[in-house]
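Using the hints provided, position chains B and C relative to the given structure of chain A.
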Amino acid sequence: MEQFVINMLNGLSYGMVLFLIASGMSIVMGAMNITNLAHGVLYMVGAYVGWTTAVKYGAPFVIGLVAGGLGAGIVGLVIERGFLRHLYKKPNEQVLLTFGFVYILTNLCLWVWGGWPRMPFTAKVLAGSIEIMGKTYPKARLATIIIGFVLAIILWWLQDRTRIGAMVRAGMDNKEMTMGLGINLERVFASVFFVASCIAGVAGVLGAQLLGVYNALGLEILLLALIVIIVGGVGSIQGALLGGLLIGVIDAFGKALFPRLAMFTMYFTMIVVLLLRPSGLLGRKA
Amino acid sequence: MGAIDQEALARPRQEKWISVVAYGIAVIVVGILPAFLSSYIQGVITRFLIFALFSVGYNVVFGYLGLPSLGHAAYFGAGGYVIAVLKMHYDIDLFWVGAPLGILMATFIAAMFGILALRVSGIYFLLVTFALGQLLYSVAWNVKWLNTPGMQGIAGLSLPSFGTGGWTLDPISFYYLVLVITVICIYLIRKIANSPFGHALIGIREGEGRMRTLGYNTWLYKYFAFVISVIFSGVAGVLFGYYNYVISPTHLGVGTSFLPMCMCIIGGTGTLLGPVIGAALIIFVELFASIMTPERWPLTLGGLFVLTIMFAREGVGVYLAKLWNKMSHPYGSIKS
Amino acid sequence: MKKTIIPFLAIMFVFSLNFADPIENAVAAEPIKVGAVLNFTGPAAMLGPLFKNGIVMAFEEHNNQIAGRPLELIVEDGATDATTCLEKVRKLVERDKVKIIIGPLMGDAHVAIAPYIKNKKVLITTLYCGTLDMAKDRNWLIYPTTLVGLTVPVGWYAHDSGHRTMVMITSDYAGGHGFMNGVRLGFEQKGGKIVQEVFVPVGTADFGPYISTLKDADCVSFFVPNTGESSRLITQYREFGVKMPLYGTTLASDLPEPVMKELGDKVIGLQGQAAYVWSRDDPINNKWVAAMKKRFGQIPGGLESNSYAITSTILTALESTGGDESFDKLWPAAVKVKLNTPQGKLSYTPDGVAITDGYIVEAKVKDGMYVWDPIKVYPQVLDPRIKK
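Sequence lines, in order, name chains A, B and C. Going by the working numbering, the letters in the first sequence line up with residues 1 to 286, in that order. Going by the working numbering, the letters in the second sequence line up with residues 1 to 336, in that order. Going by the working numbering, the letters in the third sequence line up with residues 1 to 388, in that order.
The following block holds chain A by itself, in its conformation from the complex (with noise of 0.2 Å):
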């Protein structure tokens, strides 16, 4: 029993990492159309942005994440505003060039970070473990599953709940007619590609308590994140939560009880979800 709720927290507070991960991408993709392989490359960023502002300048930990988080979108609304923003409905475009993104960013990285890994790193009070069912566990993961419910919650309501998010949705559903009602989609979806970069910035920097930040980190967790969305769909807040934790939880089942057959768990859910669903458990219909 006290191994099946370890266990279950290993999974939540990774699938809550995942979750944050995929559902900036996530968005993007529903919302503007735009598949934007640097992503992952984003999240890195973030991360070693947060590295920097925490450990490096000694900075309080959600100083961290804020700064993580805005190092991200700046360097994403770069990409969008300088590139991206003149290839809408060019799917292929799009790729080439995030993709060229992927290289220059991951490089650029190594040169301002050096390749060395830097260490899992975690606000003051939430280094340390507690006493759970007489085992211990690090605080930093309960953390990580808190803050990501509350995370999650604020995008649903962004999402679902304002008028931001309204014009958002209106956009995926019919673009003329939203822009024919006098709203401005270029600026919402700069807006939204913002936001989408923050959460993977602040991603980066949450999910370095876990993991740490290296250089090679961008393509995993892109592949983590297009996982996530396989098995989630495409466009909304909640089948990124739910992708990410059934993920997240699947692999650390999987990990612990057959070890040699970790990565194999994570695609084999993939394909399953893709043979009963082919566009994702909450995904819209393809």
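Take these hints with a grain of salt, some might be off.
[As the list claims (entries may be wrong)] As a list, the in silico DSS-like pairs of lysine-lysine whose alpha-carbon atoms are at most 25 Å apart:
id: 1; chain 1: C; residue 1: 243; chain 2: A; residue 2: 124
id: 2; chain 1: A; residue 1: 56; chain 2: C; residue 2: 364
id: 3; chain 1: A; residue 1: 139; chain 2: C; residue 2: 261
id: 4; chain 1: C; residue 1: 120; chain 2: A; residue 2: 124
id: 5; chain 1: A; residue 1: 135; chain 2: C; residue 2: 243
id: 6; chain 1: C; residue 1: 266; chain 2: A; residue 2: 135
id: 7; chain 1: A; residue 1: 56; chain 2: C; residue 2: 261
[What the hints assert, rightly or not] Sample of chain C residues facing chain B (criterion: CB under 8 Å; computed from the structure):
id: 8; residue: 116
id: 9; residue: 357
id: 10; residue: 373
id: 11; residue: 377
Note that these hints are calculated values from the structure, not bench results. Built from N, CA and C at the ideal position, the CB exists for glycine as well.
Chains B and C alone, transformed into the frame defined by chain A:
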């Protein structure tokens, strides 16, 4: 009206000698020159030809049909793995056995995966093909039978034998083998693209609903296009297995799947020779950049991608063709 | 189609011109070319420059020339990928015609390269251990010893410290299996028992689920590759409050001083194996550390020490052949080399496996600096499977 007249008048005479010159240079550059270069350069050009073939085949689905597959490496790698398994477990390196089996394996997997992937389109097609490719990747990684002890993947491959007794293949004859196969395959793809079948694919890309209304069984067309495209991936994979001496799970995974996609986009999606130019650009730029600056080559390659998109959006091949047009018809306004 | 073919041909032509072979230099003092395949990109990107420093240092000690012939270093990026490494080795052999390659790091790259390089008459080295199988080919210099030989002392030491049962955490690839088989061999030789071996895939981000499943034993030993995985494993091991003592492998090279500082309390007291320790008080070592610090502005670690010792071996052998780098002359000379390196006395078996000192170290704070302090020396360690 004027433009069309001019085109009709100018083309036959002017383009005839141009094409003669062009094919002449082609024969010299890819046909004769490599014989005088070092075996390393031969190797690089062989590699380029293999990826050119892979990309041109991929373009059938990606360019003509307009479906972004992110899993073609699965079939490419499957071809290579068949060669490798035959060599490792059965010590068979006979071309007449390995090549057909490799292509058959790639086709067989595609025939199954195609049914799953073609249930969806657009971005979902990308995600589903990605997922299927990664499944093969994880199988190749985890199954002991598919790995040389001590590494992930199979090492110790060699050039194929032809069962011709004393004569064995050396790198330069292998180069010519690859060249001949690539040219034949590209010619076949050209035939397919120019056939009613090829036109139907473009029709489906532009409006599947319309084609269905016209009475086409669009699903079947897409399915056949997918399988045909994969046959060429299989051919390229088989050649790559012989060329590379090693085949590893990365050759099944998403990293390799990106390559033909990037090559097509850089060169010109949906054109016959665009992917060839894309393959040349990526392979040679990466090679030069990594020789010049071992630490900073990704910047050059990424920069190439970004610059292409910003300045030659339809692909370098299309861009060059337009430039050529402008130069050879300074007063005309012919569109390619 | 016709419109695209001409520009395409033009490009091809320009490329082929650039690719023409470098014209053979007719000058008498032709350089001795030494190829090196190091990682400058990919997950092990940080290691390339360090390995390169060690090579450069050895070159400079010989004034960049042997017997009047200048030394030329050709560095290639292996991108932490076996296929790329093989490609770069092929380039070095076929285009640059090198006879000496200071080889790639990862075990899977060795396996990929070995069949190709076997009959090419090229002397090639590992950068950090290799398997006993490679020694059979007799063209690999395997430094500091085989995978198994390197970690046997960990098994001995754990048993000497009074532990009788052990759990092993093994990275699931050739190198990981090799290192942990060494620990197992040493531990079982003395009568200890392995109660569980947990295999973790390469590139594991979250070790939490594995740590939660460890069985009870007297101690735990581990090998996971590179700084990132080692530091995550140690962090997560401590966070999950596991009380069993932990023994590491390849510690000093995976966790250099700045990394130890970031790990702080979590690393203090950790014991395990290290090939080279910069803080060891020894005249040759002190001199080398000072020279490296002056030249590159940082304290050297196990990686620089490895590439330095390997390069020194090759250069010493070249001196004894009078600058002749042909394989048939160089190989016999190389395995006869005897040197005093910063790591200790160095010699080779006839198959090219290095024999040198192994260390057990403990993480401590000394004079405000985090150091791996050598607490036990196992002199002249040899893979127990090699008969003397």
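Now for the hints, and whether the structure bears them out:
no. : hint            : in the structure
1   : C:243 <-> A:124 : 23 Å, holds
2   : A:56 <-> C:364  : 22 Å, holds
3   : A:139 <-> C:261 : 22 Å, holds
4   : C:120 <-> A:124 : 57 Å, violated
5   : A:135 <-> C:243 : 11 Å, holds
6   : C:266 <-> A:135 : 19 Å, holds
7   : A:56 <-> C:261  : 12 Å, holds
8   : 116             : 6 Å, holds
9   : 357             : 27 Å, violated
10  : 373             : 34 Å, violated
11  : 377             : 30 Å, violated
In terms of the numbered hints stated before, the structure departs from hints 4, 9, 10 and 11, listed from lowest to highest.
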